[in-house]
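Colleague: With chain A fixed as given, assemble chain B onto it according to the hints.
Now for the letters of each chain:
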Amino acid sequence: AQSVTQPDIHITVSEGASLELRCNYSYGATPYLFWYVQSPGQGLQLLLKYFSGDTLVQGIKGFEAEFKRSQSSFNLRKPSVHWSDAAEYFCAVGGSYIPTFGRGTSLIVHP
Amino acid sequence: KAGVTQTPRYLIKTRGQQVTLSCSPISGHRSVSWYQQTPGQGLQFLFEYFSETQRNKGNFPGRFSGRQFSNSRSEMNVSTLELGDSALYLCASSYWGLPDNEQFFGPGTRLTVL
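If you read the sequences in order, they're chains A and B.
Just so you know, the first sequence maps onto residues 39 to 149 in the working numbering.
Just so you know, the second sequence maps onto residues 52 to 165 in the working numbering.
Be careful, since some hints might not be right.
To be verified - Which residues of chain A face chain B? A few of them, derived with a C-beta cut under 8 Å, are:
{"no.": "1", "residue": "G66"}
{"no.": "2", "residue": "A67"}
{"no.": "3", "residue": "Y70"}
{"no.": "4", "residue": "L84"}
{"no.": "5", "residue": "Y88"}
{"no.": "6", "residue": "G91"}
{"no.": "7", "residue": "R141"}
What the hints assert, rightly or not - Chain B residues, not near chain A, derived (Cβ > 10 Å throughout):
{"no.": "8", "residue": "R66"}
{"no.": "9", "residue": "T104"}
{"no.": "10", "residue": "R106"}
To be verified - Which chain A residues face chain B? A few, computed with CB under 10 Å, are given here:
{"no.": "11", "residue": "L82"}
{"no.": "12", "residue": "F89"}
{"no.": "13", "residue": "F128"}
{"no.": "14", "residue": "G133"}
{"no.": "15", "residue": "I136"}
{"no.": "16", "residue": "F139"}
No wet-lab data here; the hints were simulated from the structure.
Glycine included, every Cβ here is placed at the ideal spot set by N, Cα and C.
Just chain A, with the same shape it has in the complex (with noise of 0.2 Å):
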């Protein structure tokens, strides 16, 4: 069975810092995996994807992620974070045509 991993349920950053949110997944084979972001009142929103090819995927917002597969990982990164990227990060892992979601991780950033 697929299954996702946020090790992190809360992040506190400063804004202008350096971000990475860690997703771990479990799936049999080459996985799809998503990261979305979830303001308060929201729905999810699409930040990056990864099907296959390049490993490092550009997303919206300035948001990058990396899949290395000998870890089972697919982190997501920004080298900057602004105060309104504060929200719920969620990890998802796809393949099957159930997605899985991780737990999410808040990202508090601070002035």
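Modeller: Below, chain B without anything else, positioned relative to chain A:
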């Protein structure tokens, strides 16, 4: 293009009642998926409809059902509500659907069961 809309945005029901939630996808999208989001269980997939047919179903009891109309609008129904059904219900639309098409999410319907 208008985004995904969900109605109502908030709903309060009592145990034992039933509820119907509505989702209007982005124009041209043929797939609608439904998700339940709770603090305890996180985001869980309910089902996906594509061209009026249920294509995939998550691990939820039969009290949770849905349908899709010819204009791709979808409804989700929960019968015999339980306290544990209190959640944010999200729908998402895409053109070709799961697993690889980008899904566009609506703002959700917040259901409270008393």
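Colleague: Would you mind marking each hint as holding or not holding in the structure?
Modeller: To see whether the hints hold, each was checked on the structure:
1. G66: G66/A check fails; min Cβ-Cβ to chain B is 14 Å, beyond 8 Å.
2. A67: Check failed: Cβ of A67/A comes no nearer than 12 Å to chain B, outside 8 Å.
3. Y70: With a closest approach of 5 Å, the Y70/A hint holds.
4. L84: Given a least distance of 5 Å, the restraint on L84/A holds.
5. Y88: 11 Å, violated
6. G91: At about 13 Å, which exceeds the 8 Å cut-off, the nearest Cβ of chain B leaves the hint on G91/A violated.
7. R141: With a closest approach of 5 Å, the R141/A hint holds.
8. R66: 26 Å, holds
9. T104: Nearest chain A Cβ is 13 Å from T104/B, so the label holds.
10. R106: With a cut-off of 10 Å, R106/B comes too close to chain A, as the shortest Cβ separation is near 7 Å.
11. L82: 4 Å, holds
12. F89: 6 Å, holds
13. F128: 6 Å, holds
14. G133: Since the shortest Cβ distance to chain B is 6 Å, the answer is holds.
15. I136: At 5 Å from the nearest chain B Cβ, I136/A passes the 10 Å test, so the hint holds.
16. F139: 4 Å, holds
Hints 1, 2, 5, 6 and 10 from the earlier list are contradicted by this structure; the remaining hints agree with it.
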